[in-house]
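Please build the complex by placing chain B with the ligands on the supplied structure of chain A, with the hints as guidance.
These protein sequence lines map, in sequence, to chains A and B.
Taking this note's numbering, I'd label the letters of the first sequence as residues 3 to 119.
Taking this note's numbering, I'd label the letters of the second sequence as residues 91 to 918.
For the record, the hints were derived by calculation from the structure and aren't laboratory data.
Warning: the hint list may mix true and false statements.
[Claimed, not checked] List time: in silico DSS-like cross-link candidates among lysine-lysine, alpha-carbon distance up to 27 Å:
#1 A:K65 - B:K902
#2 B:K711 - B:K698
#3 A:K53 - B:K711
#4 A:K92 - B:K711
#5 B:K407 - A:K97
#6 A:K65 - B:K407
#7 B:K902 - A:K8
#8 B:K626 - A:K65
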Amino acid sequence: MSKLIKICALNDIRPLGSRIVELPGISAGPVAIFRTADNDVFAVEDRCPHKQGPLSQGIVHGKSVTCPLHNWVIGLENGEAAAPDVGCAKSYAVKIQDDDVYLEAAVDETQQVAVNE
Amino acid sequence: MNMMMTNSPKQLQKQRLVLIGNGMAGVRTIEEVLKANPELFDITIFGAEPHGNYNRIMLSPVLAGEKTINEIMLNDDDWYAENNITLHKGKTVTKIDRVKRQVIADDGTVAGYDRLLLATGANPFILPIPGADLPGVITFRDIHDVDQMLAAASEHQKAVVIGGGLLGLEAAKGLATQGMDVTVVHLMDTLMERQLDETAAKLLQQSLEEQGLEFLTGAETEAITGEDRVTGIKFKDGTEFATDIVVMAVGIKPNKALAEKAGIHCERGIVVNDTMQTYDPSVYAVGECVQHRKNTYGLVAPLFEQGKICANHLVNKCVLRYLGSVTSTKLKVTGIDLFSAGDFTGDDTTEEIVLRDPGRNVYKKLVIKDDRIQGGVMYGDTVDGAWYFQLMRDEIDVSDLRDSLLFGKAHLGNSGHGEQNQISGMDNAAEVCGCNGVCKGDIVQAITDKKLFTLEDVRTQTKASASCGSCTGLVEQILASTVGGDYSETPNEKPLCPCTDHTHEEVRRVILENDLKTIPATMRFLEWRQPDGCAKCRPALNYYLLCAWPADYKDDGQSRFINERVHANIQKDGTYSVIPRMWGGTTTPDELRAIADVADKFNIPDVKVTGGQRINLLGVKKEDLPAAWADLNEAGMVSGHAYGKSLRTVKTCVGSEWCRFGVQDSTALGVALEKALWGSWTPHKFKAAVSGCPRNCAESTIKDFGVVAVESGWELHVGGNGGTKVRATDLLGKVKTVEEVLEYARAFIQFYREDAHYLERTVHWLERVGLSIVKERIVENAELRKEYAERFIFSQKYAQFDPWQEQVSNEKATRDYEHLKLVRKLAS
Ligand code: SRM
Ligand SMILES: Cc1cc2nc3c(=O)[nH]c(=O)nc-3n(C[C@H](O)[C@H](O)[C@H](O)COP(=O)(O)OP(=O)(O)OC[C@H]3O[C@@H](n4cnc5c(N)ncnc54)[C@H](O)[C@@H]3O)c2cc1C
Ligand code: SF4
Ligand code: FES
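This is chain A alone, in the form it adopts within the complex (with noise of 0.2 Å):
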């Protein structure tokens, strides 16, 4: 079953910037959650498909951001490493409501999951 979350609201996240949150029971490690210049939002799990860089680190460009530490390009709509690189995170799906920041999830309800309210 599909569910949404409440991560933050928009304004948590700086434009061009990124956070990080622990979704237990959704992802293993730490998500990134990007705001661009336009105001889109992406949710990626924040490890380089590289060597595991914390892409919440990195500069946001475009719907894009560039690894902190050997500078791949990942795209944030897919978690798609730009070419000549080749790898890919794990991207989850996001949506906007009221200004809120919401994580579309596959939950299973057996599990024990984060959630905001």
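Structure of chain B with the ligands alone, referenced to chain A:
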């Protein structure tokens, strides 16, 4: 887009662009057009050859059996289809009707155009001698020629190549590799006389002879003999000998016949202006068929540059201009390292510096005029070719480098690579890039498989020289020996990043002249291609704005690299390191206690003394940073900017206070210097040191700004580097007082701040602009020096604060260090 099309029927019809000549320059131009505006044109291409566009320069390796035709295709049929290009393969255009705006091919195909692009290349020159049309006489220009040569090699034994230039030698070597006995016949006394001086030519001839080629120089061919096919060749002096084939490689001539017939103005080639436009405004031309400002070109690099500029005008952007190119050459013969550029003969107004080492079989010559390199030849050791070429194109004053110039850039300090100067002798398995573990073979393979032509492409694709950059010279030479010339752009004219065509200089100038005070305003004004740039340009713009408007500019944290954004160095596991400032390398028991307490309190796993005379707390979690800083602040410590493009450390030695040799108080000066310079942002990191006597225990002579105490005062040194390439400083001058040291230091750092490119360390900046200009402004002109120093002091009013304290005291800022918190709850 769709709406526009339905609303206005005019938009329905795209403009028609027709290209004549499906070769390297023409198709590259089309690629540039598609990159700039894929929607603008309906594109039709005519090519006389029955192939897609292929890499003509790789015909030599194909002939030598090192490559197959398939491996050298640049654009296959799918590429044309994917880009909706109508390709007429194997059709030669025989007529251009400029009135009807149509081109007509030999099979009757007609295509109308709004814009016409001519890229008909060049034709091999055929000596007008008897027998030149006999079967067995072959030129070396296209796939068909190579097929003919390969067929001949399998049936016959003896070959003569007429022409001892680049093309002739590559053909000769290829045929020899195919097992033929090859004699090269050359009109002049020495080979490649347009690229080599006599000495280098002799060395070249010697090693080609060792590889099995024979030479006949100073020989004028009179006729080719034979009845049904070639059987021999005859010279003016009466000698004659037998051969089965003759390859004519005596030069090329621009293919302008079609244009001429259509009434387009031609001289040696089709004449174009700086926008690559012919005398007919709707007709453009690029490539070997073109004559621009009296010059024609026969190498790919300048043709690609023309293509880029031509495309810029075809899509109506109209900002670029072609100003001509300076080219360099590299012979693509395995086992031979040879590089030549510019004017290498000189005259009575020039000087020569020559290095000759018969033992190593190395010869290098540079021709210098008014302290600028005019040209040069290198044989045997070409690793510095690209560097000399760059100094030449940028017209750098080399007077300061002169005494060691010929020893190459490696001589300026190159940790570890000093020995490896001969590309040809390098094993494919030899590691070229130590940072990314890239071997020579990987690079060569990427260049040929991925069709790379520029250093930037090689960097992106292989990562070679993409990190610390110390192997750049090697990579450039591998590239050059694979594609036959230097393909890097002139650094001064290099765009700041792929988001723009403007250079660092232009951007800085425009910011000042137009009162641009934010990154978006700058990007809008300069029509950046990406609305919020990339990770390369944003930090650069942020710095340029900050340097231009110290009082007004609001720093943009999101445009800074993570280290500068969070005032700590990111580590490979995502934790951070924290280095507080220790003024001039001094500390106190209280500070040490506070550091120890912070390490305990935040469970910091590692404490290490740095190479910069201070202490590093390693492995701090991001969330803990503000609290750790607060404790350090409490003990009176501030950020050490170990993460910044800014002043790092000022190292000192004990000096006259304790040391039996010390002649001045170096520690006190070091502290004063650090207090004067800290906080300021610089194009790259900036390090200083003060030693108490010429024994130089603080290593002042490998710092950006180094001070060495002498009896009579202080020696000032600049432009040193202890990193990737070790380079000792240049002496700027000598002063008497501490106040003077500070003024010179402020003036120097400010000049560097205002002039260098972002991410250019003082050593590279000085090598680019020359020490003389620094001396002129900072040493010789007291007035200017004061102005620079004052501008620095003014900017420090806005820069000298502790960023840690600023973050700690700002709730909105500290929030960024925390994870977002969710309330834990069972799923329902
Ligand atoms: C911590 C330290 C190593 C140590 O354990 O001692 C260090 C650590 C790093 N150095 Fe260094 N350098 C350190 C002293 C040096 C020195 C020695 C010195 O300053 O006297 C040098 C040679 C001197 C010089 O710079 O000329 C040095 C030459 C480099 C270079 C090469 C610079 C160059 O122009 O060639 C780099 C790469 C760069 O900046 O692009 C570099 C880059 C780095 C980076 C920032 C790599 C990176 O981008 O992440 C390392 C950060 C690790 C971290 O998070 O702390 N580090 N680095 C030293 C900090 C000194 C300090 O107190 O601030
Ligand atoms: C063997 C060899 C080695 C070389 N090595 C190097 C090297 O190492 N480094 C380097 O920089 N350069 C090298 N060059 C030179 C380089 O290949 C040329 O400078 C480059 O290919 C020129 O590009 P172009 O587009 O002007 O001409 P071309 O690539 O020759 O393209 C012109 C095309 O137009 C076609 N054409 C002509 N007229 C018509 C018409 N009327 N209708 C239809 N089609 C027509 C021709 O058939 C041809 O295919 C080498 C060249 C050769 C032959
Ligand atoms: S600290 Fe410096 S030398 Fe050591 S690994 Fe990092 S960058 Fe390389
Ligand atoms: S870990 Fe991201 S680029 Fe290397």
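Tested hints:
{"no.": "1", "hint": "A:K65 - B:K902", "verdict": "holds, 25 Å"}
{"no.": "2", "hint": "B:K711 - B:K698", "verdict": "holds, 17 Å"}
{"no.": "3", "hint": "A:K53 - B:K711", "verdict": "holds, 19 Å"}
{"no.": "4", "hint": "A:K92 - B:K711", "verdict": "holds, 24 Å"}
{"no.": "5", "hint": "B:K407 - A:K97", "verdict": "violated, 38 Å"}
{"no.": "6", "hint": "A:K65 - B:K407", "verdict": "holds, 26 Å"}
{"no.": "7", "hint": "B:K902 - A:K8", "verdict": "holds, 21 Å"}
{"no.": "8", "hint": "B:K626 - A:K65", "verdict": "holds, 15 Å"}
Checked against the numbered hints given earlier, this structure breaks only hint 5.
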